[in-house]
Amino acid sequence: MSDRTVLSSADHPVEKISHSIGVGGPMTIHTVDGVIRRVRPVVFTDDDTPGWVIKARGKQYTPQRKFTMSLLGYCEKDRTYAYDRLKYPMIREDFVETPDGKNRNTENRGKSGYRRASWDEALSLVAREIKRLQKTYGKETITACTSSHHSWGLVGYKISLFNRFFSMMGYTRIADNPDSWEGFHWGTPHTYGYYWRLGGPEPYDMLEMAMQNTETMLCWSTDPDTSRGGYSAQESALWRWWMKEMGIQFIYVDPFNNYTSVKHADKWIGPRMGTDAAILEAIAYVWITEGTYDKEYVAQHGHRFKEFADHILGRGPDGTPKTPKWAEELSLVPAMDIKAIARRWASTLTTGGSGMRGGFGGACRHSNGTEYARLLFLLFAMQGMGKPGRAFWSPACGGPMNYNFWFGGYSDPLASIAKYPVCDDMPVNSVQQVLYRPNVPDAILDGHYEWYGEGFCGGGIDFEFTRHVYPAPGYNKVHCFWRYGGSFFGTMLDTNKWAKMYKSPELEFVINQDIYFTPETRHADVILPACTNLERVDIGEVGSSGLGGYCSHSESGNSWQMIVYQDKAIEPLWDSRSDFWIFSQVAARLGWGERFTEGRTEEEWAKRFWQFSDLPKQMSWEDFKKKGYYVIPVAFGEENKDPETGLIENWDRYPGFNWFAENRACDTMNHKVYQEEHLLGTFSGKFEFVSESLTYWAPDDEARRPIPQYQDSWEGHKSLSADKFPYGLVSPHPRFDYHTHFQQHAVWLWEIPKNRVVINGNPYLVCHINHELAEQKGIKDGDVVRLFNDRGSVLCVARVTWRLNPQTIHAYTSSGIYNPIKYGQYKSWDKGGSINLLVPGRLIGDYVPAMAPYSCNIDVEKAEPDPNYGQGWEHILDAVDKQQLETERPIRTSISADLLFGEKEAWLKDQKNKKEAV
Amino acid sequence: MLKKPMKKPGIAINSARCMACYACFIACKDEHCGWDTPLSKAQPEMGQYWMNIVEWERGDNPRRIKTATVPTPCSHCEHPACMAAAKDGAVYKRPDGIVIIDPEKSKGQKQIVEACPVGAVYWNEKLEIPQKCTMCAELLDDPDYPGFEPRCVEACPNQALVFGDLDDPESNISKLIAANKVTQLECLGDMKSSVVHLNIPSRFLAGTVAYPKELEEVCIGAAVKATLENGEVRETVTNWAGDWEFEDLPKNVKVAIDITFDGFQPVHYDCFTDADHYVAITYLDPVK
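Sequence order for the protein chains is A and B.
Position 299 of the first sequence, counted from 1, bears residue number 279 in the working numbering, the numbering being contiguous throughout.
Position 8 of the second sequence, counted from 1, bears residue number 877 in the working numbering, the numbering being contiguous throughout.
Keep in mind that the hints were calculated from the coordinates and are not lab data.
Since the model is a prediction, treat every value here as computed from it, not as a measurement.
Each residue gets a CB set at the ideal place from its N, CA and C atoms; glycine is no exception.
Some hints could be false.
[As the list claims (entries may be wrong)] Listed below are several chain A residues computed to face chain B (Cβ distance under 10 Å; list not exhaustive):
#	residue
1	ARG18
2	ASP27
3	ARG37
4	CYS55
5	LYS57
6	GLN214
7	MET316
8	ALA320
9	ILE321
10	VAL738
11	ILE739
12	ASN740
13	THR781
14	ARG783
15	LYS807
[Unchecked claim] Pulled from the structure, derived: some chain A residues nowhere near chain B, Cβ distances all over 12 Å:
#	residue
16	SER327
17	PHE592
18	HIS751
19	LYS802
[What the hints assert, rightly or not] Which chain A residues stay away from chain B? Per the calculated CB distances, all over 10 Å, these:
#	residue
20	LYS(-4)
21	LYS82
22	GLU101
23	SER104
24	THR116
25	GLY118
26	MET191
27	THR300
28	ASP317
29	VAL408
30	SER600
31	LYS605
32	THR625
33	GLU731
34	ALA843
35	ASN848
The shape of chain A in the complex, shown without the other chains (with noise of 0.2 Å):
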């Protein structure tokens, strides 16, 4: 140390340290003089517990003693400072307040430029619209939608705060689709029950289980380093080295090599779009022939297994062998690969699921992904699933837990300020009417929408066949809409049809409360700047859905368990403010403030949170407050510890549907009392080959057979439109973003070559498109090319690559830019790379009222980038600018300043002085 130049902390200005979470993981903020510094991970010291050790193989693994982040949360900072942050409350510039709600401008939303407002002007305007709406239709005539984890923390997050308010004012709620694991959703209750984990299967203690037992891992439209088991960061990261180095082997099954598979994967296979299920026909198919499945498994276990035997051997209905060559020509995956999969999977201890946390993945966003997502549970169970090293179960999540912890998590119905006991007055809302998510602007534009199901099912499979009619009897129509967080351009689907909705009278008023000027955000009437997690505070526990809500114990996905004070690192920046303050005031000034906040601030909100769980033992508020954050031992007391090593080494552990192989009484968390007498949630309480509640229910539907089994998609290589768009566009969810809540904001993300190029000042999303359908296109990497069909075009830079076949097109999803070239303009070429520009509206099938994005066909053609500079970014600097070029930035160092109020300045002076020549 004496070598080198020592700074006296007198050199430099004094840090202060606080935490925070985001889908980033939890993060240490630095700040000096009320700006953030810099964002690091949680480095843990010898006052935290220490971690598990998993012995496995002759060695002990256990975790870094650091929680992992992601990029995502590294860019923290640089998303806090953002350019395109809403910086003051604005009202559209051409909003006219008549008295009627008519006459409105309304098909200038997304064109039109806003005027700065002051709080005060935006409330009362607010507050006066919700009165005359009410007066005028009733309270059913509000809607509302939220996107999922914009923020984190029991207190904001949707279904705390934004449920608090919306049931105490009456709503027509949205409901939202499981736009995420659809397949799964719909379809695998029907095979094995789960439909209270949304068809998702138990991951408890199944990396110890794998670790010890597994000698092949079946990755199916798994990408686990992308998608990081949901909110658990780059935790499982290592996991996935230690099962790889002691030569556990990988198969990865995915249209596209991804970045784990391409890392990872000792086989890799792409089947053409929408074709998963007819290989896994040809697998049972082989299985069947060879005498090579757990026949008194399925003896045991299965019903109806030899009628779903007979269909594969071409002795069903259709009169076709599900054989290894058929399913050849259906996804061009050789045949000889298929049937060494088929032994490999039969002969070795294998392990494997779909997906983030198992029951996720493409595959199942699908026309055919019920089909898809039911077989694959029906081979596992062939394979006996449930004993040792034959487990369901993606490497993402279940890590060893303490499930003897309590503490709420994002999805728990008891972790809610809208719920007891958080609040002492809990509101319900009066309105039964409901929308369905996907289906918003349909309802809006037509005025009439019906549908099926209940959005999430997690109720009974019953959930899934109750009907819905918009409007409700006896109802009247959505006049108004209150956007909260986060942009559905980039997720929902064919998104033209969300442009074409903002712009009609039907909505009178709409508003957008966000952090960001987002792409939707563009279509309010009323703009509320909200302030971001560092701005506020909050309270929540790393990667958690808690204990009692759907997907359950998703914190397992973690190496540790986590609990954060949520700090305000920083005062909301410019006129922002929180959700909370902002809530509260319309609140008020609709006269029940008192009765929403119930006298407490938002820090005392959160201390409730801490009061309800079992934190209170271990830590003090105060103490909890100055540390910042706690960990949970996987298990308390000396006695559970090695004592060589001092790591915990017994837990309480109960590994996944281990019960049910065993023929034991079931022992996991988040179960079904019939679960102990041995029986799954079905009909028959077995794995149903031929499922009797499809059967009963639905004898009818065309998506979902009785026997689960590969069909051509209404949108797939054998359809129409092929002729027309011959490609299959594969969208996986982003590596670089999570849903659309970075890409637009934090810019550092726009130098990673994998995911854009700026060229003109504007980040063209990547999209890869194998070498010899580059070659017959005339496409060189890095060229400019159009993604198009009937429904929209979007404009990407090419990579050229082999990790994907000739026939399928790859492009992430959820892209939070949207960049019209003509703005305003429905079906405009997009730069932006919103790629659900591209894909159909239509849902799986008139039962399965699931959004079906993988079935999509494009074409692709050399293109020219727009020639205009920035382009897209005009309209967020004409909107959201006007005032900010004006104004003093809080910061010392303006994060893209030079992007865009640099090299931008000359440009529009260049323009101005065209235009004043002209």
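Given the coordinates of chain A, work out where chain B should sit on it, guided by the hints.
Chain B only, in chain A's frame:
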């Protein structure tokens, strides 16, 4: 372990473990963008990549594709070319081996950028200075800073980046280097440096062996022999998928591949490791 005095701090970069998750890349920007330190001016928000991740695709057939991912910061060379090119001592090497560009003295010295063989020095147009990775020396020097690793290392979830004392044979970094293949960046020749690259892949040859085509069956256990032009011989057998692979072959050499399996005619391929190749699906012919 905190602030342990180190004679020669260094970073080992294990490419075999790198997933290109870009946590190091963004953490570097988080640390250095927007803030000046005594050792460097702020990294501009865009356009410089002090922790650059060099990535290329390996293979020429979807049947076998890998990627090489090489995080490439400044190597902190033993005899830095940038230092040689600098005037007025604008680039200096600290006694602990960390190479620093003086943000004041280096003004206008664009030749410092051009001198770097790795391309790890970037030109700041606005300030007219060359800039690069400092190994976060300003943090490691600071007794008040609570971390004890450069930001990129702290951010790595895969243990692909390891920080420690290169002069201490008992340090984790020295042990890691001893246990792995050192693959110095080719552009540095045999120059020693404080950033040590491990396991950067060279070339592979791979293929699949199958029974006669009409059988549609892969052949498991076929013997595959690679004879390099220097006479070196490597042998393997096809795995459960019928696949064979030789990894880490020297670049630009002729390799003879011989496939044999009892009852079938032997097959021979002449290959050249100018790139990573998937040689073929070999359909065996029975002995006549």
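Going through the hints against the structure:
Because the smallest distance between the Cβ of ARG18 of chain A and any Cβ of chain B comes to about 6 Å, under 10 Å, the interface hint for this residue holds. Of the supplied interface hints, the one on ASP27 of chain A is violated, with its beta-carbon coming no nearer than about 13 Å to a beta-carbon of chain B, more than 10 Å. Using the Cβ-Cβ criterion of 10 Å, the hint placing ARG37 of chain A at the interface with chain B is not satisfied: the shortest such distance is roughly 19 Å. The interface hint given for CYS55 of chain A holds, since its Cβ lies 6 Å from the closest Cβ of chain B, which is under the 10 Å cut-off.
Interface hint at LYS57 of chain A: satisfied, since its Cβ lies 6 Å from the closest Cβ of chain B, which is below the 10 Å cut-off. Checking GLN214 of chain A against chain B by beta carbon gives a least distance of about 3 Å; that is within 10 Å, so the hint holds. About 5 Å separates the beta-carbon of MET316 of chain A from the nearest beta-carbon of chain B, less than 10 Å, and the hint is met. Using the Cβ-Cβ criterion of 10 Å, the hint placing ALA320 of chain A at the interface with chain B is satisfied: the shortest such distance is roughly 5 Å.
Annotation: interface hint on ILE321 of chain A holds; nearest CB of chain B at approximately 8 Å, less than 10 Å. The interface hint given for VAL738 of chain A is met, as the beta carbon of that residue sits about 8 Å from the closest beta carbon of chain B, less than 10 Å. Residue-level restraint check for ILE739 of chain A is violated (minimum Cβ-Cβ distance to chain B is 14 Å; threshold 10 Å). With its C-beta approaching chain B no nearer than about 14 Å, ASN740 of chain A sits outside the 10 Å limit, and its interface hint is violated.
Restraint check, THR781 of chain A versus chain B: the minimum CB separation of about 6 Å is within 10 Å; hint holds. Annotation: ARG783 of chain A was flagged as interfacial toward chain B, and the flag holds, the nearest CB pair being 5 Å apart, inside 10 Å. Because the closest C-beta pair between LYS807 of chain A and chain B is about 32 Å apart, greater than 10 Å, the hint is violated. A Cβ of chain B approaches the Cβ of SER327 of chain A within 12 Å, the least distance being about 8 Å, so the stated non-interface status is violated.
A cut-off of 12 Å between C-beta atoms confirms that PHE592 of chain A is not in contact with chain B; the least separation is 32 Å. Separation of HIS751 of chain A from chain B is inadequate, the least Cβ-Cβ distance of about 8 Å not exceeding the 12 Å criterion. Every CB of chain B is more than 12 Å from the CB of LYS802 of chain A (nearest about 27 Å), matching its label as outside the interface. Chain B leaves LYS(-4) of chain A outside its interface by the beta-carbon criterion, the shortest separation being 12 Å against a cut-off of 10 Å.
Distance check for LYS82 of chain A against chain B: the nearest CB is about 46 Å away, which clears 10 Å, and the non-interface claim stands. The Cβ of GLU101 of chain A lies farther than 10 Å from every Cβ of chain B, with a closest approach of about 34 Å, so its non-interface assignment holds. With a least CB separation of 38 Å from chain B, SER104 of chain A remains clear of the 10 Å interface cut-off, as annotated. Its beta-carbon lying about 49 Å from the closest one in chain B, THR116 of chain A satisfies the requirement of being farther than 10 Å from that chain.
Distance check on GLY118 of chain A: its Cβ is at least 49 Å (rounded) from any Cβ of chain B, clearing the 10 Å threshold; non-interface status holds. Against chain B, the non-interface label of MET191 of chain A holds: every CB pair exceeds 10 Å, the least being about 17 Å. With a closest Cβ-Cβ approach of about 18 Å to chain B, THR300 of chain A is found to remain outside the 10 Å limit, as its non-interface label requires. Taking the minimum C-beta to C-beta distance to chain B, about 7 Å, the non-interface status of ASP317 of chain A is violated against the 10 Å cut.
No Cβ of chain B approaches the Cβ of VAL408 of chain A within 10 Å, the least distance being about 44 Å, so the stated non-interface status holds. No beta-carbon of chain B is positioned within 10 Å of the beta-carbon of SER600 of chain A; the least distance is around 23 Å. With a least CB separation of 19 Å from chain B, LYS605 of chain A remains clear of the 10 Å interface cut-off, as annotated. Under the 10 Å C-beta cut-off, the non-interface status given to THR625 of chain A relative to chain B holds; the minimum distance is some 17 Å.
Look at GLU731 of chain A: its CB is around 6 Å from the nearest CB on chain B, not clear of 10 Å, so calling it non-interface is violated. No beta-carbon of chain B is positioned within 10 Å of the beta-carbon of ALA843 of chain A; the least distance is around 24 Å. Listed as a non-interface residue, ASN848 of chain A keeps its Cβ farther than 10 Å from every Cβ of chain B; the least gap is roughly 20 Å.
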